[in-house]
Amino acid sequence: MAVIDVEHVHKQYGDKVAVDDVSLTVEEGEIFGVLGRNGAGKTTTVECIVGLRRPDRGLVRVLGMDPQRDGHELRQQVGVQLQESDLPDKLTVAEAIGLYASFYRTPADGRALLELLGLAGQRNTRYRRLSGGQKQRLSIALALIGRPRIAVLDELTTGLDPAARRGTWALIEDIRRQGVTILLVSHFMEEAERLCDRVAVIEAGRVVAIGSPAGLAGRLGGEQRIRFRPSGPLDGRLLADLPGVTSVTRAGDTVVVTGTADALMAVTSALAGRGIAAHELRVEQPSLEDAFVAVTGGGHPSTLN
Amino acid sequence: MPADIAPAYAAAPTRPGPALARLVLAEARLLLREPVALFWGLAFPMALLAVLGIASSGPGSRLGGLPLVAVYEPILIAFVTVAFAIQGLPAVVAGYRERRILRRLATTPVGPVRVIAAQLAINLAVALVATAGILAIGRLAFGVALPGQPAGFLVTYVLAAAAMLGLGMLIAALAPTGRSAGVIGTMLFFPLMFFAGLWIPRATMPASLLRVSDFTPLGAAVQALQDSMRGAWPHPAGLAGLAGYAVVFTVAAARFFRWD
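Line by line, the protein sequences are chains A and B.
Reading the first sequence from the start, the letters are residues 137 to 441 in our numbering.
Reading the second sequence from the start, the letters are residues 387 to 646 in our numbering.
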């Protein structure tokens, strides 16, 4: 069952088109990623979904409701963590969670939620004194305190160190296991690859690719690369003529072969037939990031924020 | 991190109480954690009252037939009201917008309007408590009579507070940041209080200055409060002026306010 349905949404501010034409559906219980570079239109799309902005054209339905007309009921069931959204400096963690719990009909247990997010020791710490990672985790706690059916998380792990990032990813998977649908906005491909069941890539206000991370990588990410150092002299033409191989290049004493999925088998058999061993053999599969670069035609997303 | 999140995601055993009450409580706590605002808005005018009260017992300390402390009570009441309404309130509200706190609230069922309501309620409540404190200290310590026309006093106070809170919200609407709202509030505080008579009480103002003062919100407020203290019903023109300021500031604030 689709819990989020977006059809041909268009939104512009003055002459500037933020979202040109976006359609996507999110199924119940999935982790859905909205990927794109800054300014691609992903935040505006999400703002239309949660009812913060009214689309100029198109249709948005969330849990069967119109975010503009049924906003109040929708916000009971959709938890949102926005980018760069603060709390008052002198509000303590426990006060913040208690306050936000009072906004919802059937809130979660704030104390247990803080414990889960590793903030139990900061209950009496003022917001200003929290580290960046702690602020981020408190923000996630506030998005979950109402026990939402859908959690919208914008740039979830920006500013977290790698350990905190992995901890947060594990948490998101746990929350999904509780039946919560998660809409994740990210420009961080590794995160999307690790967490998302499906992703939509948005570029210049349009969805340019949609599917599972592995599916997109395989379909759009290009060829795989095989690297090795041959144990003896090797004629490049021997490999270039093999089925599935598209190119053979050398970098120092390392040989790099690109080709389809069949190329690996062909290359290893040919080497074995010549009695040549492949040292330091590495096979690089196309990644979601390769697919992203291919469909957006730009630089790498993680360097663009 | 623990793998099992079920306990944290279960419904809480008890409801935390109505959201608006919790918001008011939270905003009140936050105000009590601002020592500078409390000193400037409460302790300083109270100390001034005490100094004037003691000075009033000396010779030549009467002004327009009243002891100095009685002349200054309405001025200090204007002081505490304007300190919270146009220095405290706009800096907090504009800061909440700047730091996207209003936006976060907009994603919850409660929405951002109620935090503004909580802010208005808290600042009005503190100003009311301070006003009551000024009247009580004046009466008990220095023998200044309580307002002889309490209804007129109350009507004046409500209109003056509405005008100043409206002005505070207008500053919050126009200022891009919390800091700039604080600066604008302070820049307006001094001329407003000048015409209220903080430095030159209205009784000693030259006629031309007095005429200007009559048309400023706090000049009109101080005159109307003074009249009520003496037992007379305040002049309708003064009250009408205050009401006009309240309406204009509030309508402009609502017109120009941005949530993000």
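Quick caveat, the hints were computed from the structure, so don't treat them as lab data.
By construction, the Cβ of each residue, glycine as well, lies at the ideal position given by its N, Cα and C atoms.
Misleading hints may appear alongside valid ones.
Far from chain A, some chain B residues (derived; all Cβ distances over 10 Å) [said to hold, decoys possible]: (1) 395; (2) 404; (3) 405; (4) 409; (5) 425; (6) 482; (7) 487; (8) 495; (9) 503; (10) 515; (11) 570; (12) 576; (13) 644.
DEER-style ranges, computed between Cβ atoms [to be verified]: (14) 190/A x 630/B: 32 to 40 Å; (15) 644/B x 294/A: 20 to 28 Å; (16) 225/A x 634/B: 54 to 62 Å; (17) 294/A x 429/B: 38 to 46 Å; (18) 225/A x 540/B: 49 to 57 Å; (19) 149/A x 540/B: 22 to 30 Å; (20) 190/A x 420/B: 31 to 39 Å.
Hint check, failures only: 1, 2, 3, 4, 6, 7, 8, 16, 18 and 19
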